[in-house]
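For this one, chain A is given, so just place chain B on it according to the hints.
There are 2 protein chains.
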Amino acid sequence: MAKARRLADRQVRSQSRRFLAEGPQAVREALAHPSLVVEVFAAERPSDVVRGLRQAADAAGVAWTEVGEDVIRVVADTVTPQGVVAVCRFLDRPLAEVLDAGPRLMTVGIDVRDPGNAGTLLRCADAAGCDAVVLAGRGVDPYNPKAVRASAGSLFHLPVIVSPDVPGTLAAVRAAGLRLLAADAAAATDLDAVDRQGLLAGPTAWLFGNEAHGLDPELVAVADEAVSVPLYGRAESLNLVAAAAVCLYASARAQSLTAGGAA
Amino acid sequence: MAKARRLADRQVRSQSRRFLAEGPQAVREALAHPSLVVEVFAAERPSDVVRGLRQAADAAGVAWTEVGEDVIRVVADTVTPQGVVAVCRFLDRPLAEVLDAGPRLMTVGIDVRDPGNAGTLLRCADAAGCDAVVLAGRGVDPYNPKAVRASAGSLFHLPVIVSPDVPGTLAAVRAAGLRLLAADAAAATDLDAVDRQGLLAGPTAWLFGNEAHGLDPELVAVADEAVSVPLYGRAESLNLVAAAAVCLYASARAQSLTAGGAA
Chain A
968 MAKARRLADR QVRSQSRRFL AEGPQAVREA LAHPSLVVEV FAAERPSDVV RGLRQAADAA
1028 GVAWTEVGED VIRVVADTVT PQGVVAVCRF LDRPLAEVLD AGPRLMTVGI DVRDPGNAGT
1088 LLRCADAAGC DAVVLAGRGV DPYNPKAVRA SAGSLFHLPV IVSPDVPGTL AAVRAAGLRL
1148 LAADAAAATD LDAVDRQGLL AGPTAWLFGN EAHGLDPELV AVADEAVSVP LYGRAESLNL
1208 VAAAAVCLYA SARAQSLTAG GAA
Chain B
968 MAKARRLADR QVRSQSRRFL AEGPQAVREA LAHPSLVVEV FAAERPSDVV RGLRQAADAA
1028 GVAWTEVGED VIRVVADTVT PQGVVAVCRF LDRPLAEVLD AGPRLMTVGI DVRDPGNAGT
1088 LLRCADAAGC DAVVLAGRGV DPYNPKAVRA SAGSLFHLPV IVSPDVPGTL AAVRAAGLRL
1148 LAADAAAATD LDAVDRQGLL AGPTAWLFGN EAHGLDPELV AVADEAVSVP LYGRAESLNL
1208 VAAAAVCLYA SARAQSLTAG GAA
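Protein sequences, first through last, are from chains A and B. According to the working numbering, the first sequence is numbered sequentially starting from 968. According to the working numbering, the second sequence is numbered sequentially starting from 968.
For reference, chain A alone in the conformation it holds in the complex:
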C-alpha cells in the first residue's frame, strides 16, 4: 500500500514500471487487459459499480484488496477516486513494433508538459482513430495520475510510445512511410490547403509541440509540411488540444473518405 502511494512520483514509477489507474472508469479499462493489472485496492464498502469491477477482477484472477475509503484517498492523486485504485504495469510499446503494424494515422506530442494536455491528447487521438501516440522529448509521462485521468481510458485503448529521442523518432516514423505534418501556427500553408491537395488521405503522423512554445523551428524544418490551423477570427492561435482535435479530425475524415471511395 505504501509502495502504491509512492507511484505518484515519476521516478518511482519509471523504476518500478508501475502506475496507478484511479476511479471506476480507469480501473474498468485496465481490467480489460488483466495482464496489466498487478493489484486493485478498493473501499471496504464498495458501490455497485465497484462491486461489478470486483467480479471482473475475480474472473481474471487479479488480486483485490479491501482497504478503508480514507486509505484509497491517500493513495490516489484524484480528489474523488470513488473507492477504487489499480496498480498497473507500464504499457508503452517499442516504436519499431508499432511501426511494423503499418499505422496510417499517428500523433507525436513533443515536449508536452501539462499532464492534463498529455492525457487529453491521447483521448483526442483515440477518438480520431489514431493507430498510436508517441510522447516524445522531455515532456510529462503518460502515467502521471492527471494524465491517466485526462485520457479517460484512452491510455488503455491504443499503443503509446514514450521516446526521449525526438530526431530518432521522427526518422523512424518517416522511414515507415508516414508523411510528417508539423502543426505550426506560423506556417503559411493551412489545413484546408493540405486537405484540398489530398495530402491528408495517405499515412500521416502529426507533430504537436509544447503548449507554451510550440514546435522548435528545426523540428518544423524536418517535417514534410508545416501546417497551420486557419484562424477565421482574431485569436492568435488555438491551444494545443483544440489544434490537435481539428488537425486529427481533418485527417480522420480525409482517410475515411478515401477508404470509402476504395471500397
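Mixed in with the good hints, there may be bad ones.
What the hints assert, rightly or not - Between beta-carbon pairs, the in silico distance windows are:
no.: 1; chain 1: B; residue 1: 1002; chain 2: A; residue 2: 1061; range: 55 to 63 Å
no.: 2; chain 1: A; residue 1: 1105; chain 2: B; residue 2: 1164; range: 41 to 49 Å
no.: 3; chain 1: B; residue 1: 1022; chain 2: A; residue 2: 1201; range: 20 to 28 Å
no.: 4; chain 1: A; residue 1: 1225; chain 2: B; residue 2: 1014; range: 18 to 26 Å
no.: 5; chain 1: B; residue 1: 975; chain 2: A; residue 2: 1197; range: 35 to 43 Å
no.: 6; chain 1: A; residue 1: 1022; chain 2: B; residue 2: 1201; range: 21 to 29 Å
To be verified - Covered by chain B, according to a simulated footprint, are these stretches of chain A (three or more residues, beta-carbon under 8 Å):
no.: 7; stretch: 1170-1179
no.: 8; stretch: 1216-1226
Derived by calculation from the structure, the hints in this document are not laboratory data. Every residue gets a Cβ at the ideal spot worked out from N, C-alpha and C, and that includes glycine.
Positioned in the frame of chain A, the structure of chain B alone reads:
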C-alpha cells in the same frame, strides 16, 4: 488596491461589474479598448513589455499606478502576472443587440463549470470566426481570472453574452434565424452527415453542455438537430474543448466555402 484584490470573488465582480485582466497579453488586449479599463497596476521596475503598455495607457489617458511586484502578486490570481494587472469594466453585451447584428456563427456554452474550459471555449470560438459567444445557465462567468487567462485575449475580441435564462436564450437565437445544433455524444446523426447535407453552411448556433454531464436531454430535444462528433477509435467521447473545436471548425469551413462559392 484592496478593492482590486477582492475582484477574485465572483459576487464582488458582479456587484461592481469589474474584473481583472492579468499579465501583458490580457492588459494589451484590454488597452485596445481604453474605455473598458479603469486602472492599471504595474510593477515599479517594469519590463520592456510593460513599459510599452505604459505608453499605450498614457496615450489613451488610462490611469497607471506603480506598486511593488509583491503587491501585484497578491492582487493577481495568476502565479506569474508578469508585473501588470488591469481593472476592467464588464464587457458582456445584451443578447438582443448582438442578434440584431445578424450573426452567422455563434457558440452557446450551457452550464460550463470549469473556468479554463470557459476561457478556452471563447478562444476556440474566436479562432473559428464566431460572431458571438453566450455563456448560459448556471456556469462559471467569463470574468473568472482563470477564464480570462485561458481565453488568451479572446474575451476582448468578440461579443460575449452572459445569460442565466437558457430557454429564453435559445428561443431568441432561433428567432434570429440561426439553426440550433446541439453537440451531443449520443446523437445518431454525426457531424460529417450534417456537413454533407449542407446544414452547416447557413447561420448556426452550436450548443455545448456541461463538461461532466453534457447537455440536458430537454435542451437536446429543443435543438433543430442533435449532432455527435464521429468516434473513429475506442474513446467514448471527446472532452468539451476538443468537441467544440471540431464542430466550430466544421461550420467555419462550410460557411467559408459557401461564401467563396457565392463570391
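Status of each hint after checking the structure:
no.	hint	in the structure
1	1002/B to 1061/A: 55 to 63 Å	holds (60 Å)
2	1105/A to 1164/B: 41 to 49 Å	holds (46 Å)
3	1022/B to 1201/A: 20 to 28 Å	holds (22 Å)
4	1225/A to 1014/B: 18 to 26 Å	violated (51 Å)
5	975/B to 1197/A: 35 to 43 Å	holds (36 Å)
6	1022/A to 1201/B: 21 to 29 Å	holds (22 Å)
7	1170-1179	violated (count 0)
8	1216-1226	holds (count 4)
Violated hints for the displayed structure, listed by number in ascending order: 4 and 7.
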